[in-house]
Amino acid sequence: MKTVIGVSALYHDSAAAAVVGSRIVAAAQEERFSRRKHDPRFPTAALAYCLDTVGGVDNVDAIAFYEDPALSLSRVVENAIELAPATEAIWQAAARSLLGGKIDVMEKLAHAVGSRAAEDLFIVDHHMSHLGSAFYPSPFESAAVIIADGVGEWATTTIADGSGTAITPIEQIHYPHSLGLFYSAFTYHCGLKVNSGEYKLMGLAPYGEPRFVQVILDHLIDLRADGSFRLNVEYFGFLTSRVATSPRFEEIFGMKRREPESPLTIPYMDLAASAQAVIDEAMLRIAHRALTLTGRRQLCMAGGVALNCVTNGKLLRRLPELAGIWIQPAAGDAGGALGSALHVAHQHFGAPRQVNVGRGDGQEGSLLGPVYSQDDIERALHASGIVWHVMEDDESHVAHVAQALAEGKIVGRFDGRMEFGPRALGNRSILADARRPDGQSHINQRIKFRESWRPFAPVVLAEHAAEYFDLAHESPYMLVVADVRDEHRTPVDWSDFRSGDADMIKVLNQRRSTLPGITHVDYSARVQTVDEVRNPAFHRLLRHFFDITGCPVLINTSFNVRGEPIVCTPEDAVRCFLNTGIEVLAIGRCIAFKSEQSADLRATEGKVQYEPD
Amino acid sequence: MSQTDAVPPEFFFAELLLPLRHASARRNIHYLKLDCEAESYWSPVISRTGGLERLGAAECGGEAMLQRLGQYWVARGDVYLPKLVPYLMALRRDLLQAKPVGGEQRTELSDFVYPLY
Numbered sequence: 010m011k012t013v014i015g016v017s018a019l020y021h022d023s024a025a026a027a028v029v030g031s032r033i034v035a036a037a038q039e040e041r042f043s044r045r046k047h048d049p050r051f052p053t054a055a056l057a058y059c060l061d062t063v064g065g066v067d068n069v070d071a072i073a074f075y076e077d078p079a080l081s082l083s084r085v086v087e088n089a090i091e092l093a094p095a096t097e098a099i100w101q102a103a104a105r106s107l108l109g110g111k112i113d114v115m116e117k118l119a120h121a122v123g124s125r126a127a128e129d130l131f132i133v134d135h136h137m138s139h140l141g142s143a144f145y146p147s148p149f150e151s152a153a154v155i156i157a158d159g160v161g162e163w164a165t166t167t168i169a170d171g172s173g174t175a176i177t178p179i180e181q182i183h184y185p186h187s188l189g190l191f192y193s194a195f196t197y198h199c200g201l202k203v204n205s206g207e208y209k210l211m212g213l214a215p216y217g218e219p220r221f222v223q224v225i226l227d228h229l230i231d232l233r234a235d236g237s238f239r240l241n242v243e244y245f246g247f248l249t250s251r252v253a254t255s256p257r258f259e260e261i262f263g264m265k266r267r268e269p270e271s272p273l274t275i276p277y278m279d280l281a282a283s284a285q286a287v288i289d290e291a292m293l294r295i296a297h298r299a300l301t302l303t304g305r306r307q308l309c310m311a312g313g314v315a316l317n318c319v320t321n322g323k324l325l326r327r328l329p330e331l332a333g334i335w336i337q338p339a340a341g342d343a344g345g346a347l348g349s350a351l352h353v354a355h356q357h358f359g360a361p362r363q364v365n366v367g368r369g370d371g372q373e374g375s376l377l378g379p380v381y382s383q384d385d386i387e388r389a390l391h392a393s394g395i396v397w398h399v400m401e402d403d404e405s406h407v408a409h410v411a412q413a414l415a416e417g418k419i420v421g422r423f424d425g426r427m428e429f430g431p432r433a434l435g436n437r438s439i440l441a442d443a444r445r446p447d448g449q450s451h452i453n454q455r456i457k458f459r460e461s462w463r464p465f466a467p468v469v470l471a472e473h474a475a476e477y478f479d480l481a482h483e484s485p486y487m488l489v490v491a492d493v494r495d496e497h498r499t500p501v502d503w504s505d506f507r508s509g510d511a512d513m514i515k516v517l518n519q520r521r522s523t524l525p526g527i528t529h530v531d532y533s534a535r536v537q538t539v540d541e542v543r544n545p546a547f548h549r550l551l552r553h554f555f556d557i558t559g560c561p562v563l564i565n566t567s568f569n570v571r572g573e574p575i576v577c578t579p580e581d582a583v584r585c586f587l588n589t590g591i592e593v594l595a596i597g598r599c600i601a602f603k604s605e606q607s608a609d610l611r612a613t614e615g616k617v618q619y620e621p622d
Numbered sequence: 007m008s009q010t011d012a013v014p015p016e017f018f019f020a021e022l023l024l025p026l027r028h029a030s031a032r033r034n035i036h037y038l039k040l041d042c043e044a045e046s047y048w049s050p051v052i053s054r055t056g057g058l059e060r061l062g063a064a065e066c067g068g069e070a071m072l073q074r075l076g077q078y079w080v081a082r083g084d085v086y087l088p089k090l091v092p093y094l095m096a097l098r099r100d101l102l103q104a105k106p107v108g109g110e111q112r113t114e115l116s117d118f119v120y121p122l123y
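Chains S and W, in that order, give the protein sequences. The numbering of the first sequence is the working numbering, which starts it at 10 and goes up by one. The numbering of the second sequence is the working numbering, which starts it at 7 and goes up by one.
The following block holds chain W by itself, in its conformation from the complex (with noise of 0.2 Å):
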């Protein structure tokens, strides 16, 4: 994970999401808790600001977030999710340059899909 240009949105997937996934599996890493039985599932509050953040209209581009996003990345302690931070801002870009000029994407999901994303 070098050279942030080198790897299409088609691709994305394949050349980083999924070695990531085996390389964290290797190391016991989950980023999902799906299995592990408890007594109580209740868990610490999960908030990247506190629940507030202040920002100024300079700093809240998809680049500034993206950034915001690897630092919580890195004060979290993942070694790896921070790696995927200028490969996300390269396939923003790609995804931009894509999209129709002027046109707002228009939602894609069934009526049926719980809108996840």
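Extracted from the complex, chain S is given alone in its bound form (with noise of 0.2 Å):
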């Protein structure tokens, strides 16, 4: 069996993934390891976690890197040169950055493998490391694939053909049309960090009313019956400049950009709430395409614009062809180094592709990042001076942090191996009671330091799903949202809300449901179902809670607070513990509750610097 190395840098979210034949056997970002949130630099950490894990470098046959260098200069060439004079001033920025560092990815990575794994690099498409990522590890045999994201070298949006080892792109929307700068357009607009926050922009959107979808439609995006689309880039900055709109962007909605951190008002939750509609509306309309092309009933996806998990859930509720949908957990650009080399295992080695195998499908639940022995993790904890309590056997364990959970008390709990992709997924999360009524607002306040109006997930045992969801299909990565069903809603009162104040939080302290903690004030919630294959020790404590409870339902949400990225090692966990309002660490088989630690360490608590996100 060969081993391919697969890496994806220098634009954002840097990371590497390791194949063994065609089975998945680590992934990881560099802003784990590096601390730093989206970490666009060349993934050293990563890459030595995913060499450490196949054996070193002589194990490895074959390096790929997930997009073309060269034809990716040559689209900011053409850029540079179509719209000149003005690009005069992102033509020296890109140059110093694709010219001055770029162009030479390859070699850099040569030389950080070196040996004979260096003679077989490979330049894998942005988009085809994209479809890989997305149709290899499916359960599917064959099925519609759909990439859409801001852009790779040209593309950014491609439908394709996926069967047994084969995909086959079929066709593309090219740059500067895209409909992940579209929604980037929006996130700046909204006075949101671009390429992080259009996670918050599809948050506030159920806040708003879409009055703009008409204008929209009328002037920004040419939207097409089958799906295609043209951007109007008068109203876009991007192309010559190094912001995403123009000023006739803030002209036709009669309203200048939000400052980062000021008030949200009504104009711009409309604003969130018109460009989701127009999202949803335009990738109903490709995966129409996408399954009418392709004679396909299943679809895969990945791209940033396939994290869009309220359009995803769109998608399974309004397609009434669309049998089943899978989407990589890591569907931005790290998920690229898995997809690249997936591809090369498959195209150039022949690796035979295994559909279902195992774990539900091929990505290992993406639990595919770094694990700690319980020695490393007896060692951190003892180096940070915290009081901490070793449990006899996993069973033990589980049912202390069970019961901590039904007392209300809000956990952190560190696990095996990290996630691979922006969602905590057990792992490496922070647990609650869903029912707690101030579960929202207690927790972006005291644990995460982030807005108060901003969602929680929850995390459902699979086999009861359907009682609290609309949710016909599984959920495993969390990456679809639902509707909380009707029987266990409560009214909430808008009344003064659109008229007047504006209060987010007097909207989100109302009940809205049996389950308060991660019901969105639009009834919805991101699920994330959990079932004994992928995860069987997560499985196991939300059983051991329900038992407890009578509820299969908990919040869940990444263990960091706003800024940083998710814990990585112990020691993370145990700074994140120290720095907020967490109550209880379960890590490994240990337990440390927050009431037993000296006052000299419970002082550090909710002093956490963090960088608005």
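Treat each hint with caution, since some may be false.
To be verified - Below, a sample of chain W positions facing chain S; criterion: calculated Cβ distance under 10 Å:
1. Pro15
2. Arg60
3. Val80
4. Val85
5. Arg98
Unchecked claim - Distance ranges between label pairs, derived from CB positions:
6. Tyr86(W) - Leu293(S): 33 to 43 Å
7. Glu243(S) - Ala29(W): 46 to 56 Å
8. Arg494(S) - Ile35(W): 52 to 62 Å
9. Ser46(W) - Glu330(S): 49 to 59 Å
10. Cys42(W) - Gln223(S): 17 to 27 Å
11. Ala31(W) - Val34(S): 18 to 28 Å
12. Ala29(W) - Ala332(S): 50 to 60 Å
13. Tyr86(W) - Gln101(S): 48 to 58 Å
If you're looking for bench data, these hints aren't it; they were derived computationally from the structure. Glycine included, every Cβ here is placed at the ideal spot set by N, Cα and C.
Combine the two chains into a complex, taking the hints into account.
Pasting the structure below:
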């Protein structure tokens, strides 16, 4: 069996992945090691982790890079020429970035791995890397595949057919016409960080009304019935400047760009709702087109737009011809590392593809990052000086953690392999009882130090998901939004919201459902279903909580604070535990209670320095 | 465009790219499809390599990548862009010489800019 290492780097979310035969054995983002969110630098630490996992560089047969640096340069040069002289300033910056570094990335890779692997270097097109990440690990023998993101070399949207080990791209939309860049423009205008705040924009949308949809369709994007589209570039700034929008963008909506961190007002909520509605419609048409062109009933997706779980939920509900969907958990650029490695494994080395073997799909539950031994964990706990306990066995540990959750405690859970992708799926998670009425604002303010209005996701025992959510499919990677079922809802009073105070907290503080901690203001929830196959230990914890409380649902949010990457090491976990209002740290077979810590250690709580995200 | 060492980096745009803009405009050549309204905007797949390209360690440097780009432009039938290649190579050399020794280039973009390049 051949071993292939894949790397994505130098734009955002650098990552490395390792594939042996056709099996994914390791994948991690550089940010988790470097502690710099969305780290775009060459993934030295993630690469070292992957090489270590496969037994060293001498065991590596080939290295794959997730993008064609020459073709990306071609796009930048052609953009500079086409819109000259307005592109002079960005050309200077682009030349420094591309010619002063990125064009040499393959050589850098060769040096990083040395030895015989450097004789088998591969360039995989950006969207082909995404296609590989979306289709190869999916549980489908054949499927239509959609990639939608900001831009790779030229492609911004690709429809492909996947069958066996073959992936055949069929058609594309090209730069500058991009749903990713379109959505980022709204993110920017709403005062949120591009390439990370898109997620917040999606969460903001339910507070607004989509009253700008027609303006957007009339002026900003020509959306065709076949799902193809063209942006009116007069409204966007990214072709000639360093910002996402042009002055005309402000004019058409009659509002200036929101100052970051300033209060959110109704117009920005409406803008978020409108952008979401347009993305929903575009993706519905593209998905319909993909299924029609390929004749498939299963759909796979990747690319940053595929992280829009509101849209993903709508695809499932509104496309009657769609029988199943699988979305790469690391749908953004990090997943390109994985897809490029898989593509080389299947296309160059001829590795057979094993569909639906082992864990429901080929993604290994996306638990592909580093694992730390009980000894590592105990060493870290000793060094930290905190008071902690080690449980006799796993069963006793689970019982204590479930009991703490049932008593309303906020628990930081650190166990097993770290997740690959932006979502914490239980192994680097902060957990709480979803029935807790103040759960959302409490965790936002005291644990995550982030905006109170942001929703939390539920994790639910897969076997009980349909009792609480309108969800006919599994959602193991938290990539689908579904509604809380009618019988669990309670009415929300919006009467003063639009007419005057726009007080999001007042809306949020209303109960909304029997699971107020995870029910968004429009009764939606970004559901993670947990099953015994993909993550048995986490399933056991939920099962135990259910046995105690009769509730199979917990709040699951990533184990970090605002602006910080999700914790990677035991040391990161202890630091986050001490700096925040987390009450219980469940780490390996150990437990630490905040109430037992010394006054000195407890004094660090809330003093965390965070960066706006 | 005959002496590749005659264009300092700061003049690359004005002396090479801007004239190309004028030349292509005169011949109605467009590198981006911006205004062409159509019934459908789906297009054939763009790829330099067919999706996958194998390289050896000796052929993966920046100059080799630029040569590949030139070959791609030639294969595409463009008469102007291939002439840029030696100048891009010279510009690359200039930029690498100007780079601080040992230091990885810091991302200069703000958090509100999509990293397009």
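(request) Of all the hints given earlier, name the ones this structure violates by number, lowest first. (result) Of the numbered hints given earlier, those the structure breaks are 3, 4, 7, 9, 11 and 13, listed in rising order.
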